[in-house]
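Please build the complete structure, drawing on both the sequences and the hints.
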Amino acid sequence: MATSTDSVDLVDGEIVGNIARAALFAALVAGFSYVSFPNPLAPNIPVTLQVVGVFLAGIMLGPLWGTSAISLYLAAGAIGVPVFSGGSAGLGYLIGSPTLGYLWSYPVAAGVVGLIVHRGTDLQDYTAVGVPLLVGAMVAGTLVIYAMGTVGFAVIQDLGLVESFTVSALAFVPFEAVKIAAVIGILRRDSIAAV
Amino acid sequence: MLHYQPGDSLAHRLDPRTKLLFQIAFATVAFAYTTPRGLLAVGVLGGLALAGADTNPLRVLWAYRFVLPFLLAAPLVAMLTLGSPWLVPSEGVGPALASVRNLVVVVVCGGYVRTTSIADSRAAIQRTVPGRPGQFLGLGIELVARFLPVLQRDLLAILDAEAARLGTDRPLRERIATVATAGLNRAFRRADRLSMAMQARCLSWNPTLPPLRFGWIDGPVVGLSVLLLTAAVVRLAGLSPLL
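If you read the sequences in order, they're chains A and B.
With my numbering, the residue at position 156 of the first sequence is 143, and numbering never jumps.
With my numbering, the residue at position 206 of the second sequence is 200, and numbering never jumps.
Just to be clear, a hint being listed does not mean it is correct.
To be verified - Rough simulated footprint, nothing fancy, chain B against chain A, three-plus residues with beta-carbon under 8 Å:
no., segment
1, -4 to 8
2, 53 to 67
3, 108 to 118
Honestly, the hints are just simulated from the structure, not real lab data.
C-beta: ideal position from N, C-alpha, C; glycine also.
As structure tokens, then:
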């Protein structure tokens, strides 16, 4: 091991808690990419929960720590922790995969959802936020994800925007409404432990 | 699944920062020279890089099979037109070349995953990204790697419990909410215990990292990476008639 003569620079207690939550949230989003539900309309296109994790990160951790958590998820995937769909990993996913736009959009979407729900960067009690605002925030997040994802696909695959949307997004869009409804259901449950 | 395996290949002995630089240089040059001849050269270089990492390209390809449908669909959709003649093969050439390039870039980056441990990657990131962001990324990445298997096991147990109680017959929205709520509760409980444990053990911003040292072996690879980046910049600036 390398020796260091610097004095120990302790991490502040509150920040330790936030780091632990951000890291566990990133690991949970990664765990969500392994959980797929059969799609009732098209059985060969499974529904995964990563986007649910992105929305929840923005809502529960706020815009700053939510974005940090999802950025951690991407960074961990880039260096080889198997966090992307199907347990894959590698920097190639962020610089050469056709789905790179979707991955890069996740931290932005978490930030947008967090900013709208908390009406700024200061954390508010998300349990007191009305359903219309939550739905509006998640619709905005979904728009960010599909806009960046489609543009990313078009650029990296040398395709037009309409064709990119058809190939990369069309089959998944109807289930975003189910995911948004599921997130509202999660936030309204009494059994949720995090405040 | 592709993961780190200890070994003594050329790529195992390289500094992780050198390997990160090479991947970026490789991708940049592949983007700059997306022509049949350019991609042939890039493909040969990628093959050599994977050989240096003692990695079987077919194994990496299998690990990345989830991107293949997108890579195949893109040129096919580009060829389709509404109305006669319905199929214009020339429209698919650009997207097909892009698909080949993207596949090569993704597969070559698999060599890094197989030859670099998480601890070395953490040290590389923390020494490359300055200040608190680098320290946060380094610490966070190690925690994600440590807790991913644990949370995966939690989620599998939740899914098992759901299936045992016929939860699989419930509507999709309810299933997602049930699984995600249970997963979140487990994750937050673990986060609270982890936070307590890290404070008790005096978590610091500047822990002792594994040593990283550029060796003589890194020199040629760094040189090659700089050469590739220069070739890409020259091409993108419109100065090169090559390939």
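To see whether the hints hold, each was checked on the structure:
no., hint, verdict
1, -4 to 8, "holds (count 9)"
2, 53 to 67, "holds (count 8)"
3, 108 to 118, "violated (count 0)"
The structure fails hint 3 only (numbered hints given earlier).
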